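Asks: Here is what each chain is made of, one letter per residue.
There are 2 protein chains.
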Amino acid sequence: MQQTLEVDLGERSYPIHIGPDLLEQSDLLSKHLRSSQVMVVTNVNVGPLYLDTVTRKLREFKLETLVLPDGEQTKNLETVEIIFDALMQHRFSRNSTLVALGGGVIGDIVGFAAACFQRGIHFIQIPTTLLAQVDSSVGGKTGVNHPRGKNMIGAFYQPDCVIIDTSVLRTLENRELSAGLAEVVKYGLIRDPEFFEWLEANIELLIQRNHDALAFAIKRSCANKARVVSEDERESGLRAILNLGHTFGHAIETGIGYGRYLHGEAVAIGICQAAHLSHRLGWLTRDDVDRIIDLLQRAKLPVNPPLEMTAERFLEIMSVDKKNVDGKIRLILLRGIGKAALPCTVDRVQLETTLNEYGRN
Amino acid sequence: MQQTLEVDLGERSYPIHIGPDLLEQSDLLSKHLRSSQVMVVTNVNVGPLYLDTVTRKLREFKLETLVLPDGEQTKNLETVEIIFDALMQHRFSRNSTLVALGGGVIGDIVGFAAACFQRGIHFIQIPTTLLAQVDSSVGGKTGVNHPRGKNMIGAFYQPDCVIIDTSVLRTLENRELSAGLAEVVKYGLIRDPEFFEWLEANIELLIQRNHDALAFAIKRSCANKARVVSEDERESGLRAILNLGHTFGHAIETGIGYGRYLHGEAVAIGICQAAHLSHRLGWLTRDDVDRIIDLLQRAKLPVNPPLEMTAERFLEIMSVDKKNVDGKIRLILLRGIGKAALPCTVDRVQLETTLNEYGRN
Numbered sequence: 006m007q008q009t010l011e012v013d014l015g016e017r018s019y020p021i022h023i024g025p026d027l028l029e030q031s032d033l034l035s036k037h038l039r040s041s042q043v044m045v046v047t048n049v050n051v052g053p054l055y056l057d058t059v060t061r062k063l064r065e066f067k068l069e070t071l072v073l074p075d076g077e078q079t080k081n082l083e084t085v086e087i088i089f090d091a092l093m094q095h096r097f098s099r100n101s102t103l104v105a106l107g108g109g110v111i112g113d114i115v116g117f118a119a120a121c122f123q124r125g126i127h128f129i130q131i132p133t134t135l136l137a138q139v140d141s142s143v144g145g146k147t148g149v150n151h152p153r154g155k156n157m158i159g160a161f162y163q164p165d166c167v168i169i170d171t172s173v174l175r176t177l178e179n180r181e182l183s184a185g186l187a188e189v190v191k192y193g194l195i196r197d198p199e200f201f202e203w204l205e206a207n208i209e210l211l212i213q214r215n216h217d218a219l220a221f222a223i224k225r226s227c228a229n230k231a232r233v234v235s236e237d238e239r240e241s242g243l244r245a246i247l248n249l250g251h252t253f254g255h256a257i258e259t260g261i262g263y264g265r266y267l268h269g270e271a272v273a274i275g276i277c278q279a280a281h282l283s284h285r286l287g288w289l290t291r292d293d294v295d296r297i298i299d300l301l302q303r304a305k306l307p308v309n310p311p312l313e314m315t316a317e318r319f320l321e322i323m324s325v326d327k328k329n330v331d332g333k334i335r336l337i338l339l340r341g342i343g344k345a346a347l348p349c350t351v352d353r354v355q356l357e358t359t360l361n362e363y364g365r366n
Numbered sequence: 006m007q008q009t010l011e012v013d014l015g016e017r018s019y020p021i022h023i024g025p026d027l028l029e030q031s032d033l034l035s036k037h038l039r040s041s042q043v044m045v046v047t048n049v050n051v052g053p054l055y056l057d058t059v060t061r062k063l064r065e066f067k068l069e070t071l072v073l074p075d076g077e078q079t080k081n082l083e084t085v086e087i088i089f090d091a092l093m094q095h096r097f098s099r100n101s102t103l104v105a106l107g108g109g110v111i112g113d114i115v116g117f118a119a120a121c122f123q124r125g126i127h128f129i130q131i132p133t134t135l136l137a138q139v140d141s142s143v144g145g146k147t148g149v150n151h152p153r154g155k156n157m158i159g160a161f162y163q164p165d166c167v168i169i170d171t172s173v174l175r176t177l178e179n180r181e182l183s184a185g186l187a188e189v190v191k192y193g194l195i196r197d198p199e200f201f202e203w204l205e206a207n208i209e210l211l212i213q214r215n216h217d218a219l220a221f222a223i224k225r226s227c228a229n230k231a232r233v234v235s236e237d238e239r240e241s242g243l244r245a246i247l248n249l250g251h252t253f254g255h256a257i258e259t260g261i262g263y264g265r266y267l268h269g270e271a272v273a274i275g276i277c278q279a280a281h282l283s284h285r286l287g288w289l290t291r292d293d294v295d296r297i298i299d300l301l302q303r304a305k306l307p308v309n310p311p312l313e314m315t316a317e318r319f320l321e322i323m324s325v326d327k328k329n330v331d332g333k334i335r336l337i338l339l340r341g342i343g344k345a346a347l348p349c350t351v352d353r354v355q356l357e358t359t360l361n362e363y364g365r366n
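As they're listed, the protein sequences go chains A and B.
Quick note: the first sequence uses the numbering used here, first residue 6, plus one each step.
Quick note: the second sequence uses the numbering used here, first residue 6, plus one each step.
Do not take every clue at face value.
All copies of an identical chain are treated as equivalent in the list; a pair is satisfied when it fits inside any one copy or across any two copies.
What the hints assert, rightly or not - Calculated pairs, BS3-like style, for lysine-lysine (alpha carbon to alpha carbon, straight line, at most 25 Å):
#1 K224 x K305
#2 K344 x K62
#3 K36 x K62
#4 K305 x K36
#5 K333 x K305
#6 K328 x K67
#7 K344 x K305
#8 K36 x K344
#9 K224 x K333
#10 K36 x K333
#11 K67 x K36
#12 K36 x K224
#13 K67 x K344
#14 K67 x K224
#15 K67 x K333
#16 K344 x K328
#17 K305 x K67
#18 K62 x K328
#19 K224 x K344
#20 K305 x K328
#21 K62 x K305
#22 K333 x K344
The set of hints was computed from the structure by calculation and includes no laboratory data.
Predicted model, so just to flag it, every value in this text is computed and none were measured.
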């Protein structure tokens, strides 16, 4: 059955619809469209699977489609320009809509294009990976990478609505499913200990794609994120806790080159590093660190940093993270399972020790 | 003497400081800086004149400077990327400030870069042309051109403050001064008939750069724009009247190629075309049309469209304007001097007649 979650952001509030076979529903997308001009943007992997299903429901609109290449390495300004060119070529007006059909990369690129085209047009997200469903579809962060740093160029821009069709996870690769679970586990860790325990009991069901388990995990994850974002839309405080594991993870993605690790895989490793450092600081028990690593491994995720990422390389890249203040590295760490601390500057020696020791033998 | 005008936009409100020799004041800029990292961006014309004066006051900050090429043809995404590259190279954090020192082009480009870098950093405007002082420094419209259309890519982004030093107009070229007066005249036309009459009486003083006259005209123009923007920040209604003459003017700039006409010159021609069309519709007397053309000519502005801009070329380009709805051209016209009408769809034949007849003999 379909459920709806409301993201409460004042006049920028929007609904998230979650349920099986939503793309097959003839009017769910069209009833949210507030313009006659609509462009659906997808990629070469998702397009063949779902583009036809989506566009078949939009016959009464002035419809265009755009199929982009796939992968984090396409998340750059050049790809955004391809969208601008298509919008200009088809004479899209300020009153038009971009629909992002795909994973987090498509959502981030298309959302940023929607934010900038004519200073902002309508935007609807149809996330097709677990990671995009539980993470990038909530919160309005859009953007692209700079060669020197991930997500360095972007905008806060909220969609008109998000449509999460849980049935599309049937076609998701195993590796992509696990990558999404890294972010799911993160929500338990930062603010929902009960959910973390549920995950410990049910992680195998999720890996086996049990439909009810996935629907529950997606809704609980979105609800957690929506609550955090509602309280701090532009990340002036609380919202930063959503970045648990991300500063380490981004460094891995930047250092190894976008593409070899999926975002969720890099985050899984980063969560373990953050847990290890939290333990070094006396904030987290050894037992809790082991529970975290164990759960991520059961989710078929990597938990050790790649050998070529030396401590020096980590520090070099982490020093340009967006959360830093006046050049000092700031991290989200854990004070327990279900209890993230706000970003804090960490003793350099402690950080280096974790970078040198954790996962290195 | 220095005056301050407050642009009222709730939590995004900011002050505009207007007066002579403001750049020489040692603490006006620094007291508005909310970060230690500051990058001043200017161009090859303005830099040699004022960059040293501005940076001399910022010795206690982590300061970088960037000098861009000049001209509307540089107002594109490539130039924005030059700014991103410099910010990344110098490891600018989310808590840093971009200062735009220059005309409207510099303000638009740098403002857009500030809006997008790490999803938004601090931004201060120091406009050095009359046009930028009375127009682009108020209202938060930032952005760049697309090869197929002007200002098609951008963001609404408000500065922390605007510093208008009227003394810098001493070094402005005559042609640039006149271009600024086109926008000044516009404010009289759209909502301030008393100001229009003042301009009719004092236009020669402005051309002669009488300091008090310029200071009055700048403040009155900014106050008019600030009032309109306060009521409609994101141009859902009233704000569109600021575009009087701009749909025609943008078509000239796009059609002839950015650079041959200054923006204000193209707007002056566009205002005359809009006045002519308003008269055709019976909204404006012949006498008022003549008053408008006469005032713009006394301001040393062109008033006739270039020959190579045929009616067909105008229509082709105007059909992709941001104000259009569902492909229909919408224009701001006048119902009298000091009285702009909200955007309206105009009878195609009437529009074509104005495009074919006005200024063609």
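Asks: If a hint holds in the structure, say so; if it doesn't, say that too.
Replies: Against the structure, the hints:
1. For the homomeric pair K224 and K305, the shortest alpha-carbon distance inside one copy (22 Å) is at most 25 Å, but the shortest distance between copies (65 Å) is not.
2. For the homomeric pair K344 and K62, neither the shortest alpha-carbon distance inside one copy (44 Å) nor that between copies (45 Å) is at most 25 Å.
3. Only within a single protomer do K36 and K62 lie at most 25 Å apart by alpha-carbon distance; the minimum there is 11 Å, versus 56 Å between protomers.
4. In this assembly of identical chains, K305 and K36 lie within 25 Å of each other by CA distance neither inside one copy nor across copies; the values are 39 Å within and 53 Å between.
5. When the C-alpha separation of K333 and K305 is checked against a cutoff of 25 Å, the pair qualifies neither within a copy, at 33 Å, nor between copies, at 55 Å.
6. Only between protomers do K328 and K67 lie at most 25 Å apart by alpha-carbon distance; the minimum there is 18 Å, versus 42 Å within a single protomer.
7. In this homomeric assembly, K344 and K305 come within 25 Å of each other (Cα to Cα) only inside a single copy, at 24 Å, whereas the closest approach across copies is 68 Å.
8. Within a single copy, K36 and K344 get their C-alpha atoms no closer than 39 Å, and across copies no closer than 39 Å, so neither meets the 25 Å cut-off.
9. Neither within a single protomer nor between protomers do K224 and K333 lie at most 25 Å apart by alpha-carbon distance, with minima of 36 Å and 42 Å respectively.
10. Taking the shortest alpha-carbon separations for K36 and K333, only the inter-copy value of 24 Å comes in at or below 25 Å, while the best intra-copy value is 47 Å.
11. Proximity of K67 and K36 under a CA criterion of 25 Å is satisfied intra-copy only: 15 Å inside one chain copy versus 51 Å between copies.
12. In this assembly of identical chains, the alpha carbons of K36 and K224 lie at most 25 Å apart only when taken from the same copy (22 Å versus 47 Å across copies).
13. Neither within a single protomer nor between protomers do K67 and K344 lie at most 25 Å apart by alpha-carbon distance, with minima of 48 Å and 36 Å respectively.
14. In this assembly of identical chains, the alpha carbons of K67 and K224 never lie at most 25 Å apart, being 33 Å within a copy and 45 Å across copies at closest.
15. When the C-alpha separation of K67 and K333 is checked against a cutoff of 25 Å, the pair qualifies only between copies, where the shortest distance is 14 Å, while the shortest distance within a copy is 50 Å.
16. Only within a single protomer do K344 and K328 lie at most 25 Å apart by alpha-carbon distance; the minimum there is 19 Å, versus 49 Å between protomers.
17. For a Cα distance limit of 25 Å, the shortest separation of K305 from K67 qualifies neither inside one copy, at 43 Å, nor across copies, at 45 Å.
18. Taking the shortest alpha-carbon separations for K62 and K328, neither the intra-copy value of 42 Å nor the inter-copy value of 28 Å comes in at or below 25 Å.
19. For a Cα distance limit of 25 Å, the shortest separation of K224 from K344 inside one copy, 20 Å, qualifies, whereas the shortest one across copies, 53 Å, does not.
20. For the identical chains of this complex, K305 and K328 are neighbours neither inside a copy (29 Å) nor across copies (51 Å), given an alpha-carbon limit of 25 Å.
21. When the C-alpha separation of K62 and K305 is checked against a cutoff of 25 Å, the pair qualifies neither within a copy, at 37 Å, nor between copies, at 57 Å.
22. Taking the closest pair of Cα atoms, K333 and K344 come within 25 Å of each other only inside a single copy of the chain (23 Å); across copies the shortest separation is 55 Å, beyond that limit.
Of the numbered hints listed earlier, those contradicted by the structure are 2, 4, 5, 8, 9, 13, 14, 17, 18, 20 and 21.
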